[in-house]
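Q: Okay, here's what each chain looks like letter by letter:
There are 4 protein chains.
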Amino acid sequence: MSGATSLTAANPAAQHPQQAVPHAAADAYLLGGAGREVTLRANEAAWQRLGWLPRVLATPTAVETTCELLGRRWPTPWLAAPMAHLRLAHPDAELALALGSAAQGAGMVLSTQANTPLEIVGQAIAHDQARGPLWFQLYPYGQRDDWLRLAQRAQRAGFEAIVLTVDAPVQWSHPRARAAGFALPADWPQPNLPAPARHGSLDWLLQTALRWDDVAWLRVHCPLPLILKGILHPDDARLACERHLCDALVVSNHGGRVLDGLPPTAAVLPAVLQAVAQRIPVLVDGGLRCAADAAKALALGARAVLVGRPLIQALKQGGAEEVARLWRLWRDELAGTLALLGSKTIADLRASVLYPHVNGSAEG
Amino acid sequence: MSGATSLTAANPAAQHPQQAVPHAAADAYLLGGAGREVTLRANEAAWQRLGWLPRVLATPTAVETTCELLGRRWPTPWLAAPMAHLRLAHPDAELALALGSAAQGAGMVLSTQANTPLEIVGQAIAHDQARGPLWFQLYPYGQRDDWLRLAQRAQRAGFEAIVLTVDAPVQWSHPRARAAGFALPADWPQPNLPAPARHGSLDWLLQTALRWDDVAWLRVHCPLPLILKGILHPDDARLACERHLCDALVVSNHGGRVLDGLPPTAAVLPAVLQAVAQRIPVLVDGGLRCAADAAKALALGARAVLVGRPLIQALKQGGAEEVARLWRLWRDELAGTLALLGSKTIADLRASVLYPHVNGSAEG
Amino acid sequence: MSGATSLTAANPAAQHPQQAVPHAAADAYLLGGAGREVTLRANEAAWQRLGWLPRVLATPTAVETTCELLGRRWPTPWLAAPMAHLRLAHPDAELALALGSAAQGAGMVLSTQANTPLEIVGQAIAHDQARGPLWFQLYPYGQRDDWLRLAQRAQRAGFEAIVLTVDAPVQWSHPRARAAGFALPADWPQPNLPAPARHGSLDWLLQTALRWDDVAWLRVHCPLPLILKGILHPDDARLACERHLCDALVVSNHGGRVLDGLPPTAAVLPAVLQAVAQRIPVLVDGGLRCAADAAKALALGARAVLVGRPLIQALKQGGAEEVARLWRLWRDELAGTLALLGSKTIADLRASVLYPHVNGSAEG
Amino acid sequence: MSGATSLTAANPAAQHPQQAVPHAAADAYLLGGAGREVTLRANEAAWQRLGWLPRVLATPTAVETTCELLGRRWPTPWLAAPMAHLRLAHPDAELALALGSAAQGAGMVLSTQANTPLEIVGQAIAHDQARGPLWFQLYPYGQRDDWLRLAQRAQRAGFEAIVLTVDAPVQWSHPRARAAGFALPADWPQPNLPAPARHGSLDWLLQTALRWDDVAWLRVHCPLPLILKGILHPDDARLACERHLCDALVVSNHGGRVLDGLPPTAAVLPAVLQAVAQRIPVLVDGGLRCAADAAKALALGARAVLVGRPLIQALKQGGAEEVARLWRLWRDELAGTLALLGSKTIADLRASVLYPHVNGSAEG
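Protein chains in written order, with the numbering used here: chain A, 1 to 364; chain B, 1 to 364; chain C, 1 to 364; chain D, 1 to 364.
Be a bit skeptical, because a hint or two may be false.
Unchecked claim - Capping the alpha-carbon separation at 20 Å, the derived lysine to aspartate or glutamate pairs in EDC-like fashion look like this: (1) C:K344 <-> B:D203; (2) C:K344 <-> B:D213; (3) B:K344 <-> B:E333; (4) A:K344 <-> A:E68; (5) B:K344 <-> A:D203; (6) D:K344 <-> D:D332; (7) A:K344 <-> D:D203; (8) B:K316 <-> B:D27; (9) C:K344 <-> C:D27; (10) A:K344 <-> A:D332; (11) B:K344 <-> B:D27; (12) D:K344 <-> D:E333; (13) D:K344 <-> C:D213; (14) C:K344 <-> C:E68; (15) A:K344 <-> D:E68; (16) C:K316 <-> C:D27; (17) D:K344 <-> C:D203; (18) A:K344 <-> A:E333; (19) A:K344 <-> A:E44; (20) B:K344 <-> B:D332; (21) D:K316 <-> D:D27; (22) D:K344 <-> D:E64; (23) D:K344 <-> D:D27; (24) B:K344 <-> A:D213.
These are computed hints drawn from the structure, not numbers from a lab.
Chain A with its partners taken away, still in its complex shape (with noise of 0.2 Å):
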């Protein structure tokens, strides 16, 4: 791939002290879910059992994998979900992924615990014209000034969008990792905090939880366009676009790591399409594994999807270079998926092309 060596040397990160989590307590965080991990399982199994159903002899002549999303094209409908501490998958980190990413048009949410200051990622990839779109996910720690100027230096730094996660006032550590025995090192880098990152008590958590008047406050205040993440109850998504809170919303149960339990989010997105009703973009996440699964997700109704687990595990093997062979191979898989479906594009995909339950009791 052409790409590599730019990969690598434009990368500041590869000077970080060398991985302090040994390996299995770093997957066991990583990887690993809530509870029994039944959501976790839900999620990946809800997209398998979705089939698909399609007409022969229809392909089309060209296919194009381009999204419209927040007003601008983007070469892919696909963004790296905004995931914690990726230092613990490779020692570049956020910028690996950033950099991978950007190559192969897909787009980014960074984390507020991400090990990569903010302005390092906007820096490296928010001037590149062929990547996918640059969002910032916003935790909300310290007051509400204090998250708008998080919300402003990203401004500053080149990102297009704030995502609020609203699906996680309670973070708790994970059996799996409990019993890898996983602990974050003292002087973990978590350059975007506002404040250094406290393990605060359940009191303090659920007094400083975000609640629907903070995600107004932001609406009004905050420089970016806002996106809700963490959504899976249709009356929450109508309450979002009753009241003009956002301008986009993910279907999301932050793939399973807050509340086992939480239904797969294949299962929840027809219900909050319908309550949307297209009056703003959803985009969805949770177990998409391959990129036939995000083309599921797509021909249901969702604009895009975040990917994550599967980042994690190329950031692993390879850094930016194997998260831009990971994009790639997605890349081709949609666009053959898109002529075999007959679908020149992604608007073309629509849900009848779906079939449910195919390793399912759905025949007679």
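The hints should help you fit chains B, C and D onto chain A, whose structure is shown.
A: Same frame as chain A, but now just chains B, C and D:
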């Protein structure tokens, strides 16, 4: 944990003889179930299938895990289920369970078939202000007067209610225990039995089995509130309510230990609740393996839950201290779960926050 | 067990030659099924899915396991199914099965393809007052007169009914037995066949296959009650009843040994019972692995059950004595199960005590 | 088997060079499927779920396995599916498949991507009076005239129909084959291609993909009957019939090798049959692993079936001889299955003899 020393120091059972039954045989007895263990597995699976569909951005500013039961408010909504022969799990047996549970505000139901005199348990925790409910489970050995004397003895020792097990007129060995060669030593202590335990013939068991008129008699004469444990059929629940035969009931299939093939308690709880129609509190046990499972039972409408096998595992691992550690984890998990579900209290939990068949075929 | 010595002493088959077929091959033949063994597995799974929802506090003061069949009351509601070539399991073969079954009040259906002369079996147990039913299973070798002579011979030896197997016009080797290299030795004893066994061509098998007019002819000429074994389709059951062609029928898929893909007997039993409408007794076999399974069949309305593979396992483990021990376990388990279900007798069992899909998705 | 010697002797391909691709990589390519292989597994599972509920005592006096197709009666209702690169399985490749199939009356569809010149195959079996149908599968390499020349070449060699694969406009490497490092050697023989095989870009593949107007053109010019393979959607079947575009069609998802997530063919066959409404014969392939599976397809209404992977396994095990042995087993199993189902002929098979969900939850 600060309570560790006192937990050990207070423990007279530590001088008891060593484990007299091989570990594998003891485990087979303690953890196994009747028949092919279909009910044992179904109990666990039924809670896991149940999921959550909460609203977001509605976090309460504080949560509490307290529970009102028989006229008093308790720190947590759970009790250790009555379990026989706990010395098989740990030399401190029921005393360890009592101390570890009381230390974290959990209740306890002491079994007639315990290896520890009920007076020792009462003396250890009855006056603890932070403990949970303290109940005594009565097996109808001997004559009616024997039952009454035992109930009075329990009352004097500080127990607050009598739990009558109604689903085990026949007790038999399980295939797993049989295969492991499980047998109790001849001098096995059963200090709460009115007479030496006899392995009665089936005929004798049938003639001495508890019947509705026995319940009615006990209801009149028993000096303590009466709780029926082992109700599955809504008609039995209705009967108990209409004739005012008990102060509470426990939906239970005896942890899958008596009749294999009984439905999972999660499956029948809603129909029992409907039959009871709020007249008395309904508790449930069977297959609850974490606080989130308990929260599902509470959301369905159970007032509290009984917990068995997880405590046996904890006892085996570390006696009272490990029991306390387990209950502490449950308490924290319940608080966090309430917060994520947008519920300030257990009473705020509603069935509407549940999502059926997380890992199933409900999505379309 | 007191009957142990006499069981061995009475056994002339003990002088028979040693196991002539390797154990693995014998097991593959005895325990395997046709095709992919879908029916073999489905038989077992269907009983396991069925569960119980009994009432409590309604224990009968005594239970009895007797069963009325063809005008006589028997100690238990089960018979050993007709099984070919039992010498593969134990040198005492069918004689061990007969003695062990009679010792615990279980019935027996001797196969035409037995390795023991029917007269030896009749002599050993026909006059036992405590035994169960003694029936002879007739395969239509040779001509109609040959069948009749065999039935008369069975009558003289003390057999009380003829069981006609109607579901196996074609018998073929199973993949599992084929893979294990199973073959019968040349001098294998088949003393009940009217002529030496021939592995007929398919054409020959088809021409000599039993048809409804053969049943009608036998019905007229056979000196004993006639029972059809292998009915699955309700229309066949209805036909047999309307034309008065038999005294009882057995719902059976031949234990999954003839045509893979036949439905589990538990699944079709209700429709057959409805078609028969109490005109004749209906028995069932297939996948019954414990007395609780049998109780489910009886609760559905079967009069009695036939049991196969568990007896082969018992024979292999210890001949007559182990067969008796198994039946004793079944008898005790049935008595206890009746008690737990609140049924004094088998006739008291009702389908209303059953709960469908214990481990399934019936709960909401 | 008497045909063994001649099968080997007649085989010029035996002088071909040895296996040039490692076995594991060859297996991954030959036996693997697209994506996560959901469709590959679903194909097999769907046939296994289907079962039988036949009548008894209705055995025909003789059975026959013949099948009428395109105006001629054939010994069996099955053909070897078109499979590419069979030299990966055996040095005799397609010739072994042709000889072994013809020896047992099975048909064959030779692939454009075969390693054996179509003339060699035609010369070997076209004049065999006992063989099954001999068809040629056409991939649209080059221009329309190239296709026509290839069809004419096939006609001259004795092939009787052209099978047009319509479900694989895009062919890509499978994850399993990719992981195994599968690649064809540079000098790999593809003697039926009009031009050297090129791994075209996706753009090139899309532009040269077959479309309905190509089918219409071929329908007019092709000197042989035209069969469309790869139909799943009933609307495509209806279209093909209404416009008289083919003489038969094959319900196929390409054995799960092109687009993962396509429904199992057993699930969509009934809807396609209904759309076709007897106007042309409908064949089916995918997941058929034994003659009983084929019988289920025939009972649903398919005229014949195509078989793939079982033949690859047979080729690998023993070339032509093993292929013949497999087909012989299938023939015997089909005859026996017909007999057990009470059907004299394939045409007598009715869907009413099928039982849905043998191992499923259909029983109540």
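Q: Take the hints in turn and mark each one as holding or not.
A: Here's how the hints hold up against the structure:
no., hint, in the structure
1, C:K344 <-> B:D203, "holds, 12 Å"
2, C:K344 <-> B:D213, "holds, 19 Å"
3, B:K344 <-> B:E333, "holds, 14 Å"
4, A:K344 <-> A:E68, "holds, 15 Å"
5, B:K344 <-> A:D203, "holds, 12 Å"
6, D:K344 <-> D:D332, "holds, 14 Å"
7, A:K344 <-> D:D203, "holds, 12 Å"
8, B:K316 <-> B:D27, "holds, 10 Å"
9, C:K344 <-> C:D27, "violated, 39 Å"
10, A:K344 <-> A:D332, "holds, 14 Å"
11, B:K344 <-> B:D27, "violated, 39 Å"
12, D:K344 <-> D:E333, "holds, 14 Å"
13, D:K344 <-> C:D213, "holds, 19 Å"
14, C:K344 <-> C:E68, "holds, 15 Å"
15, A:K344 <-> D:E68, "violated, 41 Å"
16, C:K316 <-> C:D27, "holds, 10 Å"
17, D:K344 <-> C:D203, "holds, 12 Å"
18, A:K344 <-> A:E333, "holds, 14 Å"
19, A:K344 <-> A:E44, "violated, 27 Å"
20, B:K344 <-> B:D332, "holds, 14 Å"
21, D:K316 <-> D:D27, "holds, 10 Å"
22, D:K344 <-> D:E64, "holds, 6 Å"
23, D:K344 <-> D:D27, "violated, 39 Å"
24, B:K344 <-> A:D213, "holds, 19 Å"
Hint violations for this structure: numbers 9, 11, 15, 19 and 23, all remaining hints satisfied.
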